[in-house]
Amino acid sequence: MSSNILITGAAGYVGGSIIADFLSSSSPVLKRSRITAAVRSDEQAKLLSESGINVLQLDLTDEKAVVESLVKHNINIVVHTASSLDLTLALNLLAGLAEQQKASESNAYFIHTSGLSAFCPETGWPQGVMKDSGPIFETEKQLADSFSLRKTDVTITETAKELGITSFIVVPSTVYGKGKGQWNQLSVIFPIAVQASIKQKSVSKFPVDGNIAGVHISDLTELYGLIVKKILQGSGDSIPNGTHGHYFAIAHEMAWWETLGRLAAAMEARGLVASSETQVWTSNKAAAEATGVPEIFVEIFFNSSANIIVDNAFKLGWKPTWDKARFFENIDDEVVSVLELGKARSSLIDSLFLAAKN
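Each number in the working numbering corresponds to the 1-based position in the sequence shown with 53 added.
Possibly wrong hints are sitting among the right ones.
No more than 16 Å apart at the CA atoms, straight line, and that leaves these computed lysine to aspartate or glutamate pairs for EDC-like [unchecked claim]: (1) K214 to E191; (2) K204 to E191; (3) K233 to D74.
Quick list of the computed label-pair ranges, beta carbon to beta carbon [what the hints assert, rightly or not]: (4) V389 to W310: 16 to 24 Å; (5) S288 to A327: 49 to 57 Å; (6) L76 to F367: 36 to 44 Å; (7) D376 to S186: 18 to 26 Å.
These are computed hints drawn from the structure, not numbers from a lab. C-beta atoms are modelled at their ideal positions from N, C-alpha and C, and glycine is treated no differently.
Can you build the whole structure from these sequences, using the hints too?
Quick look at the structure:
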């Protein structure tokens with residue numbers, strides 16, 4: 054099955070890395086498919102086009118434009134990484150897929166990118182361990198009104214089902230590693246921590262330690278690739294999807310205090326902080342001011358954990374190549390990336406400020 058695949062957020066860290074991986078893949082089914090990058094700005098479109106990437110400059114908030122574009126370009130698979138919070142973007146893309154499905158009389162597929170904070174006790178998710186092959190959707194639906202990210206996930210799954218579109222939700226954990234995209238190669242969590250630490254000349258932590266889940270960007274893009282390849286091979290409707298289609302990209306866990314201690318040691322060795330000893334934030338307000346993350350989200354952003362057992366991804370054949378030991382051995386890479394690349398070109402923090410206002 055050859056297809057036309059649209060990747061939104063293609064100028065972003067995750068979306069750009071997916072594009073790069075798909076275009077360099079040796080997979081016959083991916084090679085037969087046309088991969089198109091959706092971007093917002095003229096500058097992004099120019100940069101990606103000059104790199105030989107098929108680019109579609111598109112305002113995802115404009116439903117009419119989205120529907121017309123998906124039909125015109127015969128898009129039947131969308132990998133949506135542009136926003137996990139803004140439901141409007143996802144609904145417009147689903148509307149476009151529905152029209153394309155009618156026009157082509159072929160199946161359409163939607164892969165949405167969510168966030169691990171929707172599944173953390175800190176945001177109201179139940180305590181205790183749950184498999185991703187278990188009642189994830191049902192639990193999300195029960196708790197949808199208590200956290201906007203859950204409401205977005207549930208609405209996408211239910212709308213896709215109503216439209217006859219096969220949907221999947223990929224849930225990245227804390228992503229690290231240098232991306233492969235043309236526009237933004239920096240992740241979010243660690244670069245913000247590094248930048249704040251450079252500014253303060255010290256690495257700071259919250260008063261209570263916690264375990265965080267992690268995944269390297271190359272392992273995350275591999276998971277997206279596995280799902281897309283299953284679709285292209287004709288088995289997209291037989292793997293877990295819809296209300297059973299949550300795929301958690303959790304490769305390993307790590308204690309946040311230990312991780313920050315390793316980061317502090319790497320930064321001290323470079324003369325970026327005064328000591329390898331970590332400090333404790335005096336308040337969430339102080340942490341928010343130093344990191345640039347809204348105060349209402351700052352502790353969830355850096356210090357939340359999810360007790361999810363990965364099942365669906367491993368059944369697909371997902372085999373992460375990065376574990377905690379490898380990450381700790383290479384944690385200096387996170388510092389080097391910030392020194393080389395500066396501030397991330399990410400819209401996530403802007404989205405958090407918008408959500409905080411609402």
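Taking the hints in turn, this is what the structure says about them:
Restraint check for K214 and E191: the C-alpha separation of about 15 Å stays at or below 16 Å, so the hint holds. In summary, the hint linking K204 to E191 is supported, as the alpha carbons are separated by about 12 Å, within the 16 Å threshold. Straight-line distance between C-alpha atoms of K233 and D74 comes to about 8 Å, which keeps the hinted pair within the 16 Å bound. Against the hinted window of 16 to 24 Å, the Cβ-Cβ separation of V389 and W310 comes to about 23 Å, which satisfies the hint.
Taken as a hint, the range 49 to 57 Å holds for the pair S288 and A327, whose Cβ atoms sit roughly 55 Å apart. Separation of L76 from F367 is about 26 Å and departs from the stated range, judged on CB atoms against 36 to 44 Å. Range check, D376 to S186: Cβ separation about 22 Å, and the 18 to 26 Å hint holds.
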